[in-house]
Amino acid sequence: MSILIAENLKKHYGEGETLVKALDDVSLSVERGEFVSIIGTSGSGKSTLLHMLGGLDTPTSGKVVIDDKDISELKGDALCIFRRRKIGFIFQSFNLVPSITVYDNIVLPLQLDGRKADKDHIANVIETLGIAEKLKTLPSKLSGGQQQRVAIARALASKPAIILADEPTGNLDTKTSMDVLGLLKTTGRKFEQTIVMITHNDEIAQMADRTIHIEDGHIV
Amino acid sequence: MFENKIIERLDKMLDSAMNGTFVESDYDETRLSRLESKWKEFLGSSVLSNKNLEAERHRLEQFISDISHQTKTPMTNIKMYTELLCEEIAQLKDSSPDREKAAYERISKYADEIKRQDQRLEFLIASLTKLSRLESGTLEVVAKTSLLTELTDSAIAAVRPKADIKKISISVTGCDKDMTASFDMKWTLEALVNVLDNAVKYSPPGGKIEIDITSTEMYVAIHVCDEGAGISEEDAAKIFGRFYRSNEVQQEEGVGIGLYLAREILSKEDGYIKVVTNEQRSGGEFILYLRK
Numbered sequence: 200m201s202i203l204i205a206e207n208l209k210k211h212y213g214e215g216e217t218l219v220k221a222l223d224d225v226s227l228s229v230e231r232g233e234f235v236s237i238i239g240t241s242g243s244g245k246s247t248l249l250h251m252l253g254g255l256d257t258p259t260s261g262k263v264v265i266d267d268k269d270i271s272e273l274k275g276d277a278l279c280i281f282r283r284r285k286i287g288f289i290f291q292s293f294n295l296v297p298s299i300t301v302y303d304n305i306v307l308p309l310q311l312d313g314r315k316a317d318k319d320h321i322a323n324v325i326e327t328l329g330i331a332e333k334l335k336t337l338p339s340k341l342s343g344g345q346q347q348r349v350a351i352a353r354a355l356a357s358k359p360a361i362i363l364a365d366e367p368t369g370n371l372d373t374k375t376s377m378d379v380l381g382l383l384k385t386t387g388r389k390f391e392q393t394i395v396m397i398t399h400n401d402e403i404a405q406m407a408d409r410t411i412h413i414e415d416g417h418i419v
Numbered sequence: 010m011f012e013n014k015i016i017e018r019l020d021k022m023l024d025s026a027m028n029g030t031f032v033e034s035d036y037d038e039t040r041l042s043r044l045e046s047k048w049k050e051f052l053g054s055s056v057l058s059n060k061n062l063e064a065e066r067h068r069l070e071q072f073i074s075d076i077s078h079q080t081k082t083p084m085t086n087i088k089m090y091t092e093l094l095c096e097e098i099a100q101l102k103d104s105s106p107d108r109e110k111a112a113y114e115r116i117s118k119y120a121d122e123i124k125r126q127d128q129r130l131e132f133l134i135a136s137l138t139k140l141s142r143l144e145s146g147t148l149e150v151v152a153k154t155s156l157l158t159e160l161t162d163s164a165i166a167a168v169r170p171k172a173d174i175k176k177i178s179i180s181v182t183g184c185d186k187d188m189t190a191s192f193d194m195k196w197t198l199e200a201l202v203n204v205l206d207n208a209v210k211y212s213p214p215g216g217k218i219e220i221d222i223t224s225t226e227m228y229v230a231i232h233v234c235d236e237g238a239g240i241s242e243e244d245a246a247k248i249f250g251r252f253y254r255s256n257e258v259q260q261e262e263g264v265g266i267g268l269y270l271a272r273e274i275l276s277k278e279d280g281y282i283k284v285v286t287n288e289q290r291s292g293g294e295f296i297l298y299l300r301k
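So the protein lines, in turn, are chains A and B.
Numbers 200 to 419, taken from the numbering used here, label the letters of the first sequence in order.
Numbers 10 to 301, taken from the numbering used here, label the letters of the second sequence in order.
Please note: incorrect hints may appear among the correct ones.
[Stated by the list, open to error] Calculated cross-link-like contacts (lysine-lysine; reagent style DSBU-like; alpha-carbon spacing at most 30 Å): (1) A/358 with B/60; (2) B/47 with A/268; (3) B/301 with A/318; (4) B/277 with A/285; (5) B/124 with A/389; (6) A/374 with B/301; (7) A/389 with B/139; (8) A/285 with B/21; (9) A/374 with A/358; (10) B/176 with A/315; (11) B/153 with A/374; (12) A/285 with B/49; (13) A/340 with A/318; (14) B/217 with A/374; (15) A/333 with B/277; (16) B/118 with A/389; (17) B/153 with A/318; (18) B/47 with A/285; (19) A/333 with B/171; (20) B/110 with B/139; (21) B/277 with A/358; (22) A/389 with B/21; (23) B/21 with A/358; (24) A/335 with A/318; (25) B/49 with A/315; (26) A/358 with B/153; (27) A/358 with B/47; (28) A/358 with B/14; (29) A/374 with B/277; (30) B/217 with A/389; (31) B/60 with B/139; (32) B/171 with B/118; (33) A/389 with B/301.
None of these hints come from the bench; they were simulated from the model.
None of the values given here were measured: they were computed from a predicted structure.
Generate coordinates for the entire structure from the input sequences, incorporating the hints supplied.
If you want it as C-alpha cells, here you go:
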C-alpha cells in the first residue's frame, strides 16, 4: 500500500526566457515501511522535491498524497497540523531547540499537538538510539552525531506516517555518518516507519532499500 | 460540556481498544451504548483476523518443516546411489578394454554432475528452511553482549578448509581479546561465514583475505576485504536481494541466498551490512556493523 504518492509534480520559477523548471513532471510512490533514497547533484531539484513532499512548498501543478490525503486540499493551519501529525522531519542542521533539554526536544512535537506521549514507545526509541544518558542535557553539549540522533528520536516519537530526511549526514564526518545512517535504518525497520532520504552521496544512498535518481528536475 | 464528555468517553474507548482491555460499560437505549456494541463487534472481528493470520503462519511453518524433513531421505538415497555408481564405474573402467573406457569415463562424469547438483539442492533446502524460520519468527535472534574474537575465530575455522585448497590466507587486525558487541553468536556466525565464504569463492588462488575490526560510537564494524573483483555500483543495490546472482558469477557455485540471509540476521539484532563498491577500492569489501 502506498503511503506517499506524487503525481506529475511541476515547480516552475519565472516565465518566458527566464523560466526555470526546478521540477518537471515528477511522479513517484513510496510503500509503507520502505526506506527510499533520492539521489541527485546540487541543483538537480532533489531538495525542491522533498519540500513539495513535505508540504513545505506548493507545486506549480501536480499533487502529493500522503496517507490517502491530497495535501494540496489543505490550507494554512490545517496543513500545519497535518505536517505535525503525519510527517517527521530530519534536517542537515539538526534544528533542535537550544534552550530546552534533549528529552523536551524529543516530545516537543507531541506536546504542540496536545497529545500524551506514548512512554513505552519513546523509551524504546531512546534506548535504540543510545541517548538514554543524555536526556537531561542541553543540545549544545552534544556532538553533531548525538544531536542528529536526538533529531531522529524526535521524528520517531510521534509515530508519523512518513519521515523525510534532508541530507541527514551533511554536517557529519564519515564515521559518525555511518552511525547515524545505521540507526536511521534500524529504527525505521524496528518501528515500521517509512523513510524518504535526500542525499548527493552514492554510498549513503546505498543504505536505502530503493534509490531514485533525479537530474535536471526529472527522475532518471 | 456535553460534547467534551462524549469525546472523553470515545478517547477512553480507543485507548482501551489499543491495549486490548475494552469492555462495554453499560447497556441502555442511548446512541453511545449502541456505538459501544458496534465498536466491540469491530474489535472482535479484527482480533479474529489476527488469530487467523497467526494460524496461517503456523501452518506455513509446519509445511516448511515437512518439506525439509521429507526431502532428507530421498536426497540421502540419491547421494548414496551416486556414490555406489561412482565406485562401480571406477572398478569397471579399470578392468575393461580400452574401447569401452571412454564410455565409462562419460558415465562417471554424469555421476559427478548428479553429485554436485545433489549437494547444491541440499544446501538450497537447508538455506531456505533457515530463512523461513528466521522470517516467520520461529527461530529468534537474541542479541547479547558477546566476544568478537569468538565470532571471528569460529567463522575462520568454518571456511578454513576451502581457503586452504585455494591457498588463501586469512588474517585479523584491530581485534582486542576482550572486545565485545551485542549480537547473537549462532546467527551472526552464520552471517559472517556467508560473507567469508563469498570472499574465499571469489578470491584468486593464493590471495589474501583481511578481517579488520574498527569501532564507532555506536557500532563495531567487521570489514571483510578480499582481492577478488569486488561488487560494481550497479550490483550493490541488488546483491542483498533473494536469489540475486550477478551475471559475472553465473558460473560459480551458489544459490544467491547467503547475503540476503546475512542482511536479515544483522537487521534483527539492530546491526546492518553494507558493501564497498569496486569503484571506491580495488578488491571486494563487505562491512558488518554490530551494535555495541
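Check each numbered hint from earlier against the structure, then list the numbers of those it violates in ascending order.
Violated hints: 5, 10, 16, 19, 20 and 30; rest satisfied.
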